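Undergrad: Each chain is listed here by its residues.
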Amino acid sequence: MTQLSSFMESWRRSARLLIVAAAVFAISLACLSAAEAKSDKEAKPEKKADSAKTEKKTKYSGAELYSMHCNRCHPERYATERTAGQWKTIMMHMRIRANLPAEQAKAILKYLQEDSGK
Amino acid sequence: MTIRPTIIGVLAAGCALGLTVPQRALAIDDAEFNALKELVNKQGQRLDQLEQVHQQDQKALEQDRKTHDQDQQQIQSLKQQLDLTQKTATDAQTKAEAASQVQPIHPVPEGRDATHNFTMVGDAEVQFGKTDGSHSAFALADFAPIFLFRARDNILFEAGFDVALQNGTTGTHDAGSGTSVDLSFATIDYMMNDYVTFVAGDMLLPLGTYSERAAGWLNKIPDDPMARDFLPGSGIGAQLRGAIPVGSSGQSIAYTVFGANGPSSMDGSGNHDQLDLGGNVGIKSDGTSGNLHGSPSGGGRVGLFYPFKPHYDFELGLSGQAGTWDDADHRLWSAGVVDAAVHIGPNIELKGEYIYTWQQTDDVGTIHPRGWWVQGAYKLAGLNLELPMINNVELVGRYDASRDGFSVKSDRYTVGYVYYLTNTLLFEGDYEWLESTDPGTDHNRFVFQVSYGF
Chain A
1 MTQLSSFMES WRRSARLLIV AAAVFAISLA CLSAAEAKSD KEAKPEKKAD
51 SAKTEKKTKY SGAELYSMHC NRCHPERYAT ERTAGQWKTI MMHMRIRANL
101 PAEQAKAILK YLQEDSGK
Chain B
1 MTIRPTIIGV LAAGCALGLT VPQRALAIDD AEFNALKELV NKQGQRLDQL
51 EQVHQQDQKA LEQDRKTHDQ DQQQIQSLKQ QLDLTQKTAT DAQTKAEAAS
101 QVQPIHPVPE GRDATHNFTM VGDAEVQFGK TDGSHSAFAL ADFAPIFLFR
151 ARDNILFEAG FDVALQNGTT GTHDAGSGTS VDLSFATIDY MMNDYVTFVA
201 GDMLLPLGTY SERAAGWLNK IPDDPMARDF LPGSGIGAQL RGAIPVGSSG
251 QSIAYTVFGA NGPSSMDGSG NHDQLDLGGN VGIKSDGTSG NLHGSPSGGG
301 RVGLFYPFKP HYDFELGLSG QAGTWDDADH RLWSAGVVDA AVHIGPNIEL
351 KGEYIYTWQQ TDDVGTIHPR GWWVQGAYKL AGLNLELPMI NNVELVGRYD
401 ASRDGFSVKS DRYTVGYVYY LTNTLLFEGD YEWLESTDPG TDHNRFVFQV
451 SYGF
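Here the protein sequences come in this chain order: A and B. Position 12 of the first sequence, counted from 1, bears residue number 12 in our numbering, the numbering being contiguous throughout. Position 294 of the second sequence, counted from 1, bears residue number 294 in our numbering, the numbering being contiguous throughout.
Quick caveat, the hints were computed from the structure, so don't treat them as lab data. The model shown is predicted, which means the values in this text are computed figures rather than measured ones. Fair warning: there could be bad hints in the mix.
Claimed, not checked - Looking from chain A toward chain B, a few residues come up when the C-beta cut is under 7 Å (computed):
no.	residue
1	Cys-73
2	His-74
3	Gln-86
4	Thr-89
5	Met-92
6	His-93
7	Arg-97
8	Leu-100
9	Pro-101
10	Ala-102
11	Asp-115
Each residue gets a CB set at the ideal place from its N, CA and C atoms; glycine is no exception.
Throw the hints in and build the complete structure from the sequences for me.
TA: Dropping the structure here:
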């Protein structure tokens with residue numbers, strides 16, 4: 001029973017911490033959603049003016065994917081720092097290390113190679 | 001005497017005749033003269049014309065000679081090219097005959113782009129710091145090159161090292177120094193398709209994200225979170241990993257599943273203080289290969305990455321590992337990690353991990369070394385102050401804690417900054433308040449660090 005009590009106690013402590021962590025991230029999610037809603041609201045007059053455009057972006061460009069993924073862990077690296085061949089090698093490493101989807105990794109590579117150094 | 005007068009008379013007649021005949025010869029008329037003159041003129045003109053024609057013919061002949069010489073040279077050149085072409089054709093035929101004897105290993109590379117490439121990346125750190133109870137000192141904290149060798153479009157070999165300089169010892173006092181070279185990781189990576197990559201070797205283990213995404217110039221705070229000491233950073237084994245896009249806005253689910261030799265025991269027993277997280281590399285000290293215990297360890301991570309838009313994203317991951325660790329295969333070591341990260345705009349970052357381990361032991365039952373850390377960072381560029389240097393500053397704070405499963409509790413509070421001299425040259429500084437029930441580790445510390453990522 002003692003073992004069971006201490007086990008339950010440690011689980012309760014862990015559960016409390018998990019609940020706090022979940023609350024923090026839920027608040028963060030709310031902030032993120034609010035930020036997205038605000039930017040959608042600000043963009044509405046432009047959307048009304050151009051009804052041909054879709055309301056929600058369905059595909060990111062290489063530049064957007066680059067800013068989305070490549071700033072998560074380290075400061076931005078400039079395309080001219082490396083040659084096209086080096087970027088190919090480095091993007092293989094980053095695709096594996098950061099678990100990037102293949103199509104997104106290819107789009108980022110294309111973006112980098114377009115402005116790569118000589 | 002009559003002959004002389006005859007002779008004189010003949011002579012006189014002759015003279016008279018001679019005198020008159022020329023007069024008669026000179027006596028051609030003007031018309032004949034003019035005709036003759038005209039004829040002579042015409043002859044002269046004709047002669048001039050013939051002279052001109054002759055000169056033109058000479059020039060033409062010279063030109064023909066030159067053309068002939070050029071033609072001769074061209075013929076020579078064509079003969080040489082023909083010889084070369086014949087030689088090339090002969091060589092090609094020889095090669096084709098030889099190639100038909102060799103069976104190529106598919107797929108054979110196509111195109112002219114080089115398939116091999118060698119690139120080095122990595123980082124280096126220099127520190128100046130002081131720990132309570134010690135003097136301040138400079139240190140070459142780390143030189144960590146990463147070698148990347150691309151063999152083909154889907155094969156990569158990568159290896160990372162940590163080169164460090166540390167004092168030696170006489171046994172009672174520090175003396176001299178030694179350079180240590182630690183292999184952080186070394187793997188062969190084979191991208192089987194867009195969703196599955198096979199990785200094998202000395203792998204960084206996907207327990208949380210700290211090990212895989214840590215480097216001196218990435219961490220923002222020089223010290224690793226204390227709770228990371230309860231986890232193995234790397235292990236010898238193999239894994240399958242990849243990412244699957246979900247939805248239409250850049251979301252993805254990342255997965256990793258791995259098998260490794262697993263933690264082992266320093267003396268072979270299951271006593272709690274003999275746990276060895278970094279050993280059991282597959283080749284023993286006597287040169288034979290084998291796991292130090294009978295059963296390998298396994299684990300994995302699954303994570304969700306949810307971007308709302310660039311710079312606004314959320315990531316949540318769950319990972320774990322389990323396996324025996326003592327030589328008798330009686331005692332289980334396992335770990336579970338929850339990791340999360342949030343980016344709210346380009347200037348705000350929050351991330352953290354919760355780490356929980358279970359260690360079955362021979363002497364003290366099951367213990368639970370555990371800990372957590374949460375770190376926040378804010379780039380002052382978000383204030384839009386337009387002040388010089390301010391935009392390059394990022395404020396960082398971290399709270400990390402560890403519980404050793406017994407009575408030692410440690411809590412550390414760190415505040416610091418990162419100044420971006422360039423995008424890859426960082427000047428960092430932080431102060432750490434460490435409160436611990438272990439008097440040996442209860443100390444504060446400050447450190448300045450220059451780190452360079454390359």
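Undergrad: Hints first: check each against the structure and report whether it holds.
TA: Hints and how they fare:
1. The beta carbon of A/Cys-73 is positioned within 7 Å of a beta carbon in chain B (closest approach about 5 Å), and the interface hint is therefore held.
2. Given the 7 Å rule on beta carbons, the hint for A/His-74 holds: about 5 Å separates it from the nearest Cβ of chain B.
3. Hint on A/Gln-86 holds. Least Cβ distance to chain B is approximately 5 Å, under the 7 Å limit.
4. Among the interface hints, the one on A/Thr-89 holds; its C-beta lies about 4 Å from the nearest C-beta in chain B, closer than the 7 Å criterion.
5. The interface hint given for A/Met-92 is met, as the beta carbon of that residue sits about 5 Å from the closest beta carbon of chain B, less than 7 Å.
6. With a least beta-carbon distance of about 5 Å to chain B, the hint placing A/His-93 at the interface is held under the 7 Å criterion.
7. The interface hint given for A/Arg-97 is met, as the beta carbon of that residue sits about 6 Å from the closest beta carbon of chain B, less than 7 Å.
8. About 6 Å separates the beta-carbon of A/Leu-100 from the nearest beta-carbon of chain B, less than 7 Å, and the hint is met.
9. Taking 7 Å as the C-beta cut-off, the interface hint given for A/Pro-101 holds, the closest approach to chain B being about 4 Å.
10. Contact between A/Ala-102 and chain B, as hinted, is supported at the beta carbon level, the nearest pair being about 4 Å apart and thus within 7 Å.
11. Because the beta carbon of A/Asp-115 sits about 15 Å from the nearest beta carbon in chain B, more than 7 Å, this interface hint is broken.
Comparing the model with each earlier hint shows a violation of hint 11 alone; every other hint is respected.
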